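**Q** Chains A and B are the protein sequences, given in the same order.
Residue 1 is where the first sequence starts when you use the numbering used here, and the numbers rise one by one after that.
Residue 634 is where the second sequence starts when you use the numbering used here, and the numbers rise one by one after that.
Mixed in with the good hints there might be a few duds.
[Stated by the list, open to error] Cut-off 20 Å, straight-line C-alpha distance, at most; resulting in silico cross-link-like pairs (SDA-like, lysine to any residue): (1) B/Lys669 to A/Ser441; (2) A/Lys198 to B/Lys942; (3) B/Lys923 to A/Trp436; (4) B/Lys938 to A/Tyr231; (5) B/Lys942 to A/Leu226; (6) B/Lys938 to A/Glu233; (7) A/Lys198 to B/Gln919; (8) A/Lys517 to A/Leu534; (9) A/Lys464 to B/Asn667; (10) A/Lys3 to A/Pro68; (11) B/Lys772 to B/Tyr842; (12) A/Lys103 to A/Asp70; (13) B/Lys936 to A/Asp427; (14) A/Lys116 to A/Asn133; (15) A/Lys503 to A/Gln434; (16) A/Lys464 to B/Gln919; (17) B/Lys936 to A/Ser428; (18) A/Lys121 to A/Asn133; (19) A/Lys103 to A/Leu118; (20) B/Lys936 to A/Leu287; (21) B/Lys936 to A/Leu226; (22) B/Lys942 to A/Tyr231; (23) A/Lys199 to B/Asp937; (24) B/Lys936 to A/Asp274; (25) A/Lys464 to B/Lys938; (26) A/Lys289 to B/Lys904; (27) B/Lys870 to B/Tyr666; (28) A/Lys510 to A/Asp386; (29) B/Lys669 to A/Glu445.
Bear in mind the hints are in silico, worked out from the structure with no lab data behind them.
On a predicted model such as this, the values are computed, not experimentally measured, just so you know.
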Amino acid sequence: MSKTDIDLIIGGPQGGGIDSAAQVVIRSFTIAGFESYGLREYHSNIKGRHSYFHVRIKEEPVRSLRYPIDMLVCLDGETPFVHMDDVTEGSIIVYDSDFENTKLEQVVTMEPETQKHLREKFQSLKVEPVVKNLMEYQKSRGVKVVPVSFRKLITDTLGQNKPPARYSNTLGASISMAMLGLPADITKSGIASVFGRKKEVVEDNEKIVDAAYKYVDSLGIKVNKLNVREYRERFMVTGNEAVGIGKVLGGLKFQTYYPITPAADESFFLEGHDYFEEAIENQNEQLRKTGVVIVQAEDEISAIAMAISGAMTGARTATATSGPGFSLMAEALGYAGINEIPVVLTLYQRGGPSTGLPTRNSQADLLFALNAGHGDFPRIVISSGDAEEAIFDAVKAFNYAERYQMPVIHIMDKVLANSFYVIDKVDSSKIKIQRWILPTSDTDEYLRFKFTETGISPMGFFGKQIFWLTGDEHNELGHITEDPETRDAMMEKRMKKLEIASKEIPLEDKLLVFGDKGAEIAIVSWGSNKGPILDAMEKLKAEGIKTRFVYLRLFSPFPSKEVAEALKGAKIIIDIENNYSAQAALVIKEYTGINVNKFILKYNGRHVTEDEVYKSIKEVLNGKDKVVMTSGA
Amino acid sequence: MAHNFKTDLWVDWCPGCGDFGILAAIQQALAEYNAKPENYVIVSGIGCSAKTPHYVNVSGIHTLHGRAIPFATGIKLSNPNLTVILDGGDGDLLSIGAGHFVAAGRRNVDFTIILHNNGVYGLTKGQASPTLPRGTKTKGLQRPNIYDSLNPIALALSVGYTFVARAYAFNIRHAKDIILRAIKHKGTAVIDLLQPCPTYNDINTKEWYDQRIYYLDQDKEWDPIVRKPEEEEVERKYLQAINKSLEWGDKIPVGVFYQNEFVPTYEERIKQNFPNYFEDPPATSQISKKDGSAVADMENIFKDKIVRK
Numbered sequence: 001m002s003k004t005d006i007d008l009i010i011g012g013p014q015g016g017g018i019d020s021a022a023q024v025v026i027r028s029f030t031i032a033g034f035e036s037y038g039l040r041e042y043h044s045n046i047k048g049r050h051s052y053f054h055v056r057i058k059e060e061p062v063r064s065l066r067y068p069i070d071m072l073v074c075l076d077g078e079t080p081f082v083h084m085d086d087v088t089e090g091s092i093i094v095y096d097s098d099f100e101n102t103k104l105e106q107v108v109t110m111e112p113e114t115q116k117h118l119r120e121k122f123q124s125l126k127v128e129p130v131v132k133n134l135m136e137y138q139k140s141r142g143v144k145v146v147p148v149s150f151r152k153l154i155t156d157t158l159g160q161n162k163p164p165a166r167y168s169n170t171l172g173a174s175i176s177m178a179m180l181g182l183p184a185d186i187t188k189s190g191i192a193s194v195f196g197r198k199k200e201v202v203e204d205n206e207k208i209v210d211a212a213y214k215y216v217d218s219l220g221i222k223v224n225k226l227n228v229r230e231y232r233e234r235f236m237v238t239g240n241e242a243v244g245i246g247k248v249l250g251g252l253k254f255q256t257y258y259p260i261t262p263a264a265d266e267s268f269f270l271e272g273h274d275y276f277e278e279a280i281e282n283q284n285e286q287l288r289k290t291g292v293v294i295v296q297a298e299d300e301i302s303a304i305a306m307a308i309s310g311a312m313t314g315a316r317t318a319t320a321t322s323g324p325g326f327s328l329m330a331e332a333l334g335y336a337g338i339n340e341i342p343v344v345l346t347l348y349q350r351g352g353p354s355t356g357l358p359t360r361n362s363q364a365d366l367l368f369a370l371n372a373g374h375g376d377f378p379r380i381v382i383s384s385g386d387a388e389e390a391i392f393d394a395v396k397a398f399n400y401a402e403r404y405q406m407p408v409i410h411i412m413d414k415v416l417a418n419s420f421y422v423i424d425k426v427d428s429s430k431i432k433i434q435r436w437i438l439p440t441s442d443t444d445e446y447l448r449f450k451f452t453e454t455g456i457s458p459m460g461f462f463g464k465q466i467f468w469l470t471g472d473e474h475n476e477l478g479h480i481t482e483d484p485e486t487r488d489a490m491m492e493k494r495m496k497k498l499e500i501a502s503k504e505i506p507l508e509d510k511l512l513v514f515g516d517k518g519a520e521i522a523i524v525s526w527g528s529n530k531g532p533i534l535d536a537m538e539k540l541k542a543e544g545i546k547t548r549f550v551y552l553r554l555f556s557p558f559p560s561k562e563v564a565e566a567l568k569g570a571k572i573i574i575d576i577e578n579n580y581s582a583q584a585a586l587v588i589k590e591y592t593g594i595n596v597n598k599f600i601l602k603y604n605g606r607h608v609t610e611d612e613v614y615k616s617i618k619e620v621l622n623g624k625d626k627v628v629m630t631s632g633a
Numbered sequence: 634m635a636h637n638f639k640t641d642l643w644v645d646w647c648p649g650c651g652d653f654g655i656l657a658a659i660q661q662a663l664a665e666y667n668a669k670p671e672n673y674v675i676v677s678g679i680g681c682s683a684k685t686p687h688y689v690n691v692s693g694i695h696t697l698h699g700r701a702i703p704f705a706t707g708i709k710l711s712n713p714n715l716t717v718i719l720d721g722g723d724g725d726l727l728s729i730g731a732g733h734f735v736a737a738g739r740r741n742v743d744f745t746i747i748l749h750n751n752g753v754y755g756l757t758k759g760q761a762s763p764t765l766p767r768g769t770k771t772k773g774l775q776r777p778n779i780y781d782s783l784n785p786i787a788l789a790l791s792v793g794y795t796f797v798a799r800a801y802a803f804n805i806r807h808a809k810d811i812i813l814r815a816i817k818h819k820g821t822a823v824i825d826l827l828q829p830c831p832t833y834n835d836i837n838t839k840e841w842y843d844q845r846i847y848y849l850d851q852d853k854e855w856d857p858i859v860r861k862p863e864e865e866e867v868e869r870k871y872l873q874a875i876n877k878s879l880e881w882g883d884k885i886p887v888g889v890f891y892q893n894e895f896v897p898t899y900e901e902r903i904k905q906n907f908p909n910y911f912e913d914p915p916a917t918s919q920i921s922k923k924d925g926s927a928v929a930d931m932e933n934i935f936k937d938k939i940v941r942k
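Bound-form chain A, shown alone (with noise of 0.2 Å):
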């Protein structure tokens, strides 16, 4: 049997339904057993433009998507313009055939660069910019296309007096899967699953879906049944929600925010969760109702100065922003650095400078974490590359916090926020919560700052002791102080703790090696990009071409000597980022001398795919320095 392995896309405009499509389509492959994973594309706007949703269907974990996919599904006349070189030979386009006659100049919703590149494109084809044309030659280069008439369809199926464009996305997914082959049962379910709470939009769309597969069956073609594998309880989350997860399972208890894009999902989605039953004793004995104090604050400054100062009565507190916000939020992270508060800071990085490209992909803000805030101050920066890593590492950012006192500034970046990923139940028992040390006495004067061996002053609390903070420099109780020695001594005592951290944080936690380790060839990078490089890899080493990765987690204290002995004897060193100045591989070169010599570069705001970075790596290997990534509609 061979294996399962499709990219789809819907595609429609923004405020068409994409979303629910999306969530119909994961919940109906992981109710039937399979593996999943998804990204939502959009533009900054509610409705209107192009709006798309790439997803990746397999037996195995998905851990990237790939171009070109096996079915595309336009819910509107833009879709089947904008993605027509994402399908190839043998792929399926399903689209709407109430747009047949729509023209390329008609597409209003389409920016006019991108009417520009199609419209040439089209002349180079010698084909007249039309969804009709443009299907005949699709169908002339192999490419399956099905018509639907989804006004039809759905007058015929729920009457008159329902508006068809509200039915499109469902139409949409549920032919995609009928011509998958996934039963229409399961279908069903993953409809119920997604609009569960509103009986009569259940209802509807189930017939829909019945519709669908009727039309399907009409056509005549033919469609290998799915073999329909064991369902298991899992969790549907997006990468916002997984940084959400991991903050409540680490104890977080007073979150501040200000709506941006792509941080803001996370904090909306804990105001949902905001109040629940706990345990508090091992054996689920005791249980009580407990919630978390969520503050939409009037800016981003008083969003990270409420947590720094939540963070001083004892509560775990957190802030979650993106590029625009966290520029806001730079003085205040010195604050927290020269007062040594335990705050953590989620970042959303999203296409910059500036406003730059607020719902697309980025990797450009890692200089900018770690050097954000104006004087020398410790700070730690760690780096998610997926949903179950984000869990775990929300929860580590608090430890780490609490541990050493400082800030902790936890990367995420736009493809993982709006991903789709499919996971097991993390347990509670996995969680380690590991908090601040304490004072000794509670009748001796407390010092806010009293030097140690390891810099890490025991906590104090408002509420409980007396003591003072300033964003002066101070003295150990916490009074400004501008005495030379102080000074020096101060300053030392905080960034000493990096140190310590340095020793204490285990290796896991710092860089990941993947692949062959004696590979003359290795690869570097971080965040999201860690899927694709590592499936890239495996179609490379099944050509005989051996690769290691070293995935970087850690970058502040930045783990030099490791990351020195991972890229130990490698000839090339490729550098895979999604930005332009290839900011880790400078950090590689500051902190390790190492010179990264490859690079593989991407900075217009889409998906990194693992086709692209396979193709890339052999362009690396056939002599050049360069490549720059440029897929992604």
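Given chain A, put chain B in place with the hints provided.
**A** Showing chain B alone in chain A's frame:
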């Protein structure tokens, strides 16, 4: 033995600074309010007034320019059982921190804001602050001020503060009484605390204030308190306060302008969704079991994320 609310630091304000009066009033108010000393937190921003926490022997947090309000909010919402008092200058609260000043009115967190109002930025050598009238040339300015001034009382009223008062730094006993009323008020209280800056403001001097200030509570007819949670009563007291706030010049009213305890505090609004918020606040809530593992359970809290068949 009674707690000593003074620290043993040398107070480094200029001789004759209004801050001395405000400091004394705060220390007396804290002693009289009689909470446990550990349960007080004094929050400040940046500037001369921002040094206040260092001189009071309770916990103090001297923060960033303009950000005293968010810092105070984080403390109070993480531990609503603390008594939080905030000192900020007119530049701090009404210029760089103006957005927070507005947001605080809308939140009504239960803390007290003492607005040190001297018309100038003292620590940076006397530039004009938002309360200095246009055309005024204090001695630190090259030319007369070309900004219009704002009215802190009217601003506070218009954005929802539920206790709005004015006091004067050199009537310590009256200022102490107002601070005490502000601490006891349920909700955000703001006190426009007039203070001379003897070094940089040579216009609004002690003598200048002494000739103009009069006390609202000496007028038996003056009732700033909203007595019933009725729209008409609220509007009447609100408009009365706005009208009173426009008095400035030959006569300057000092005292409580407005008080409304019928507006729920932000903490009470949190409690709507989180009934045991005050008993189990973020500051002291248990997060781990004895073995260090989590008390929170993914399946229980995030069950809506399970893909059910």
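**Q** Run through the hints listed earlier and report the numbers of any the structure violates, in increasing order.
**A** 7, 12, 21, 25 and 27
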